[in-house]
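Since the structure of chain A is provided, determine the placement of chain B on it from the hints.
Protein chains: 2
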Amino acid sequence: MNEENKLTPELIVELMDSRRIAELRAMTEDMQAEDIAELFAELPEAYYSRFFRILHKEIAAEVFAEMPSEEQEVLITAFSDAELKNVLDEMFYDDTVDMIEEMPANVVQRIIANSTPEDRRVINELLRYPADSAGGVMTTEYVRLKRDFTALQALAEIRRVGINKETIYTCYVTDNNRHLLGIVEVKDLLLSDGDRIVGDIMEENVISVQTLEDQETVAQTMSKYGLMALPVVDTENRLVGIVTIDDAVEILQDEAEEDFSKMAAITPNETPYLRTSPFSIWKSRFPWLALLMISATFTGIIISSFESALAKVVVLTAFIPMLMDTGGNSGAQASVTVIRSLSTGDLQLSDWLKVVWKEIRVALMCGVSLSVLAFGKVLLVDRLLMRNPDVTMYVAFAVAATLCLSVICAKVIGCSLPILARRVKLDPAVVASPFITTIVDAVSLLVYFGIARTLIPALR
Amino acid sequence: MNEENKLTPELIVELMDSRRIAELRAMTEDMQAEDIAELFAELPEAYYSRFFRILHKEIAAEVFAEMPSEEQEVLITAFSDAELKNVLDEMFYDDTVDMIEEMPANVVQRIIANSTPEDRRVINELLRYPADSAGGVMTTEYVRLKRDFTALQALAEIRRVGINKETIYTCYVTDNNRHLLGIVEVKDLLLSDGDRIVGDIMEENVISVQTLEDQETVAQTMSKYGLMALPVVDTENRLVGIVTIDDAVEILQDEAEEDFSKMAAITPNETPYLRTSPFSIWKSRFPWLALLMISATFTGIIISSFESALAKVVVLTAFIPMLMDTGGNSGAQASVTVIRSLSTGDLQLSDWLKVVWKEIRVALMCGVSLSVLAFGKVLLVDRLLMRNPDVTMYVAFAVAATLCLSVICAKVIGCSLPILARRVKLDPAVVASPFITTIVDAVSLLVYFGIARTLIPALR
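Here the protein sequences line up with chains A and B, keeping their order.
Mapping of the first sequence onto the working numbering: residues 105 to 564, in sequence order.
Mapping of the second sequence onto the working numbering: residues 105 to 564, in sequence order.
In isolation and in its complexed conformation, chain A is listed as follows:
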């Protein structure tokens, strides 16, 4: 990765303005398509099509496929029909379909109009599947072999059809009705005798998914079994496409980022942070903050109804943040663990009893150890060190007992809510994570005031 002579958006503008086009083209020659695509992010739109036209043909389509859809749209609008055709010809079907799904209707029409009839048929076929299903992420470009080919014939067939296929290293053996019979690795063809029959070399015990399978399951399957490509079949086990590892990696990363966003009460958004406008960021954050703020009305009501008690023993107020935060943190620990384990497939819904039983034991340990610590801390720091005579033994005991109970409640709520959400087919990360704190806050306060009323003489 050479850092010297790095091409920057500023440099592109400078070179284009001073018409040093040959120099600019030379600088792009040794670059990777992904790095060129990144340059567009900070290039003024007026320079988009002029810079794109400078690129060598072989790399231009690759650069185009790597760009986010907003930038692709700018370019398509500037393209002549011939230019659009050139780019479309070089793109893989799955990338084209991903792009079409993001474009406004008039752009889609132009894309379809500039595709060959064969391309149009495949694209329409792929567009029928939901975007987040196996059918929606698969490509139809793979090498098909017959079971009675010899290894040499198979290699010849790969040579014949291979050049336009997204992957050639796993080939698929089908019968005349496209039923999937097995897979053959090019590796095994290369390493075996030339006259061995494909039917004898192929692996018949094939892992495949159906077209409507969720893309997350597809990616997890590929990651679990270490597959480079996964065949997608219809309900009659006819091969309709394959999902390649690069798409699986992207799916796994996107799904993890989505969970991060949801857990932080943000509407997921695929645009990189620096390219997102402050208004878009506001739109993805404000509704959640507002919802959570309104839902905090409950905690307000609980405190209001204990106002007279708080007025008598004001020192109780000082421990509210600590109790609420510890409860919230305890709940978040349990819920994030369970949400991620559900997402990665480590946990199944049927495990719910095991989860709750495990969390109850963890909660007991956490609750008891924290309350012992809190009891000591309140007496030592708040009473002795800070010389606050209002912090009586009763207060310390009420705080410790509340902590123990609310940690236990928090952990049980934190592990149950995601499972409940999944059971009623809601997204655990959206439903559970941001609201755990609100629910746990209310529970902690109720426990706190209940215990305080029972324990503290002045409140009885």
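Note that these hints are calculated values from the structure, not bench results.
Think of the CB as a built atom: it goes at the ideal place given N, C-alpha and C, for glycine as much as any other residue.
The reader is advised that the hints may include incorrect statements.
Stated by the list, open to error - Covered stretches of chain B (chain A as the covering partner; in silico rule of three or more C-beta atoms under 8 Å from a C-beta of chain A): (1) 212-222; (2) 404-410.
Unchecked claim - Listed below are the simulated DSSO-like cross-link pairs for lysine-lysine, each with C-alpha atoms no more than 27 Å apart in a straight line: (3) B/K189 - B/K269; (4) B/K387 - A/K458; (5) B/K328 - A/K328.
The following block gives chain B in isolation, referenced to the frame of chain A:
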């Protein structure tokens, strides 16, 4: 994926106890190594070695490589030297090294004693690199070609050495001193004329990493450029190994899970949830809860010092949870976004000014919109609907103003802290995420009491 006749740990025990070994072996025959490995998790340890010995030789080593290290250790202890040798022979070096890094010294000694001198040399070589560096995750098994080979000679060379290599689809062209000159895809060898020279087919503009590069950067590079394998070179550009895509996928997933744990104030742990004992879970959660609880002493002190004011206008207490939670949520939104963008490489440290400026604008929008909403909500719900005469216009205004200011502070702290942490080479996810809430709580309370004192006549 056939669900009927599924082999379960209970069924293994039943079949072994009734000596129906042939039946058991037949059931494992069509299974994937990954699925067999999973069965060990819930199989009683007494059955481990007996069940393992039933497996066909070809799949046994694969099953072994897929198991977590605790289970591998149980098996190794039960293995004879000959059995251990058999398994080690079949394993890839990178898997062996991963295993050795987790084993106690006496087991490592047995492993080394049962390796060939050549294996021992390679293993020792690989063990020199930090476990989370490119050198620590790479394998030394790849196909090396000379630049003056013809395509046919190259394919013959692949056939000769290929059978034991982890990947053969990308071959590496080196000179006699192992300097990396270029890469050749088997695809290009297959699709080109047999007498073309490797030097003419190879891609010279190769992306590579150095041995000490962080594994996360390695995986991100592979994901960004869609690479199936990435060459690892020493400081003199001599090829020492390759990282394969399956390892990159694992690294990306592990790093994301680690961030999830850290953000939820949990010490990361690679063992799946259901296999982790409650005590281990307690150990990974309690220290953080305790630390955060103790750090909440600050908020307690702040509230204590305003005790007399709170005693006069008790209704102020009712809004503390709402203000703290909204501040905490706002800060978490900013910090999670920045932490993840730093992790995925979307953000660089040099972007810090852009980030802070963007967050200030988002914070202004969020702060103003939330405080307008809160002002209306406090007056409508708390004053009119709940008929609380203590909720005066002054109180509503104090709450709204605090909300606006604390949201702005929270977002600026939330985005700056991770960047600061990274700048001083600390882990943003550990340092920033769990503590944002504590810091923001304290800030919100200070702002709240300050504004209340200024605004509310009874407190002036």
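Results of checking the hints against the structure:
Look at the region 212-222 of chain B against chain A: 0 of its residues bring a Cβ nearer than 8 Å to a Cβ of that chain, fewer than three, so the hint is violated. Beta-carbon proximity to chain A at under 8 Å applies to 4 residues in the region 404-410 of chain B; the threshold of 3 is reached and the given coverage holds. Our distance criterion of 27 Å between C-alpha atoms is met by B/K189 and B/K269, whose separation comes to about 19 Å. Between B/K387 and A/K458 the CA atoms are separated by roughly 19 Å; this keeps the pair inside 27 Å, and the hint holds.
The straight-line distance between the Cα atoms of B/K328 and A/K328 is roughly 21 Å, inside the 27 Å bound, and the hint therefore holds.
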